[in-house]
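Enquirer: As a plain string of letters, each chain reads:
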Amino acid sequence: MSLIPLASYPKSGNTWMRVLLSNYMAEEAEPVSINALAGGNIGSRHQFDERLGLSSAAMTGDEILLHRPRFHESLAAEADSPVFAKTHEPFQRLPDGASLFAPPSFSGAVCIFRNPLDVAVSFAHHLQCGIGRVIEIMGDPEAYLGPNRSGIYPMLPSLISDWSGNVSSWLDQKELPVQAVRYEDLHTDTETVLEAVADFAGLAPNPARLTLAVENSRFHRLSEQEKRVGFGERPPNLPNFFRKGRIGDWRSVLSRDQVRRVVERHGPAMARLGYLDEVERFLATDGRARR
Amino acid sequence: MIVSLQDQSAIAVELHPIHLPNARRADFDRRSYDYRAYGLNFNSDVELPWPAAAPGGGADVAIRRGAVPPTLGSPVDERGCWQAKPGAYLLAVDGASRWLATEGGRQVRVAPASTGGDIGVHLLDSVLAACLQMRGILTLHASAIATAEGAVLFVGSVGIGKSTLAAALVDRGYSLLADGIVGVVVDGGGMPMALGGFPLIRLWADAIDALDESWGQDAGAPIRPGIENYPVPARRFRAEACAVRTVYVLSSTADTEVVIEPLPPVRAVAALIRNTFRLRHLRGLGEQDNHLLAVAAVSRQAETAHLVRPGAHCPPAALAARVAERLPAACP
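Residue numbers (our numbering), protein chains in the order written: chain V, 1 to 291; chain P, 1 to 332.
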């Protein structure tokens, strides 16, 4: 079989999609444990080392990247059903010109996009930094998640690039079919979006299962579960991972200047995903109102 | 192009042996390196990133330059960069080197590529693990210290903090047994014994910064240029095998408290399997039964506990102090 990346810039609904798919595949009356979700991060250092027989700790970033396709081959070879794999990386070329997420190891990608203004609110909370700093990070084509060179973490270093570069890389690539999902649509009509993703992944959508999966994945259930048993993927120092899951928080959190900076930097990609009109109306209307 | 010393000598020996002056030929012929770890004598004509030992005794593992076929004939299992069958193991690192272990891990041949830089020699962890596994030795992703009442192991996945904790416990007077790969054999009485590895702890720069400053002073060159991971000699080291007393399964949490709680045997067995270094070798090598016997012996004879450390703002010395509250005294 093959792998299906759940690809998104951070804080765009990737974990929520994993929760939905996990509940869909489990088809249990009770919600699946948030600590046993399908679609774990494809950048597990332990898995990379163990499968390839290499020690990534002694390898440079480029050497690790060049060995990733073989790692993906190994994961795909053992999959007997569609295997979802979370990634925050852009679709990218390796130093030898090959694609990081190439067929046949990958058969298609579920790409989750979210209004970068809401991403900024959520990412700032996640990183425990200010909005200004997170806007800088979202504009940096060289942005990496994970370790610098002086330490080691359980995940391989992963490029996230800038928000525009990340989303455009997936929209522009021609090697994998893409099921594009907007966080906002997932929020508005969860069941329809999940049905499309399940169909895309060959999971034979079934209305009763869809309804059950959506019910078991509601935000209040996730945050209640997090309060009760904790969430292993919560970063240190963050009070809770499952926060609000709301759309449009940027209107009350970002300053008009911050909104403008995001639009200046990411306007074209926002337009491609249908986010720009609303924001431009906000800037125009709100500006007049304040005058 | 940067070519390491080993690569240069390989090129010279393989391409121009007839034209070398006799003195230099003799020099090459004599060049040999001895290492001792895991109860084994290693004799190598390739310099390895291990601390040298005094020559002596017969070689349990002879490492020689030589031709290595690109594949192992009729492997039982092959994944990633390796192939395995009972008694034999081959690791082929793209563009760098190939390693072939045969005769149950008694002979290892290495073919360094003429290009590829210095990566090959640093990826022999898997070859070492295979040589141990072919002898029925359980290989764990772990660090281990010796106490007056036996070995205490900290197992866990890469990057979880095993080496840093071991270093902080060495600062408290305990002796290092092994770091990286901990080898465990079951003796005639069914007791799991942790073997002494190399007297080194591999520490990352950020760990060195967080530890006592002596670790920084003792650190050697990084394992490779540009990778800030340093082998540091442990000031206290025990080479002799030591009965396994306690196994801590190490994980990290977003919370701020250190948690130590007993691990039920079933979960301990699962953790030992999950944290077996190069677990996937075992089927191909035909060593699955020996592995399970060793895992069962550890879970039966040793106390097992879950050690959860805060993922941030937990100085190694503070974590070591919490763990030390539950440890027997250091070896006299």
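Treat the hints as calculated values from the structure; they're not laboratory data. Incorrect hints may have been included.
[What the hints assert, rightly or not] Straight-line Cα separation of at most 25 Å, SDA-like style, residue types lysine to any residue; simulated pairs:
#1 V/LYS227 x P/HIS313
#2 P/LYS85 x V/HIS46
#3 V/LYS244 x V/GLY202
#4 V/LYS227 x P/LYS85
#5 V/LYS227 x P/GLU257
[Unchecked claim] Reference listing, derived: stretches of chain V covered by chain P, where coverage requires no fewer than 3 residues with Cβ under 8 Å from a Cβ of chain P:
#6 64 to 72
#7 169 to 177
For each residue, glycine too, the CB sits at the ideal point set by N, CA and C.
Enquirer: All hints are to be evaluated individually against the structure, with a verdict given for each.
Expert: Evaluated hints:
1. Annotation: proposed proximity of V/LYS227 to P/HIS313 holds, straight-line Cα distance about 22 Å (limit 25 Å).
2. A hinted pair counts as satisfied when its Cα atoms are at most 25 Å apart, and P/LYS85 with V/HIS46 qualifies at roughly 23 Å.
3. The straight-line distance between the Cα atoms of V/LYS244 and V/GLY202 is roughly 31 Å, outside the 25 Å bound, and the hint therefore fails.
4. Of the pairs offered as hints, the one joining V/LYS227 and P/LYS85 is violated, with about 48 Å between alpha carbons and a cut-off of 25 Å exceeded.
5. Between V/LYS227 and P/GLU257 the alpha-carbon distance is near 16 Å, which keeps this suggested pair within the 25 Å criterion.
6. Check result for the segment 64 to 72 of chain V against chain P: holds, 4 residues qualifying (beta carbon to beta carbon below 8 Å, three or more required).
7. Evaluation of the coverage hint for the segment 169 to 177 of chain V: breached, as 0 residues show C-beta separations to chain P shorter than 8 Å, against a requirement of three.
Hints 3, 4, 7, counting from the list given before, are not met by this structure.
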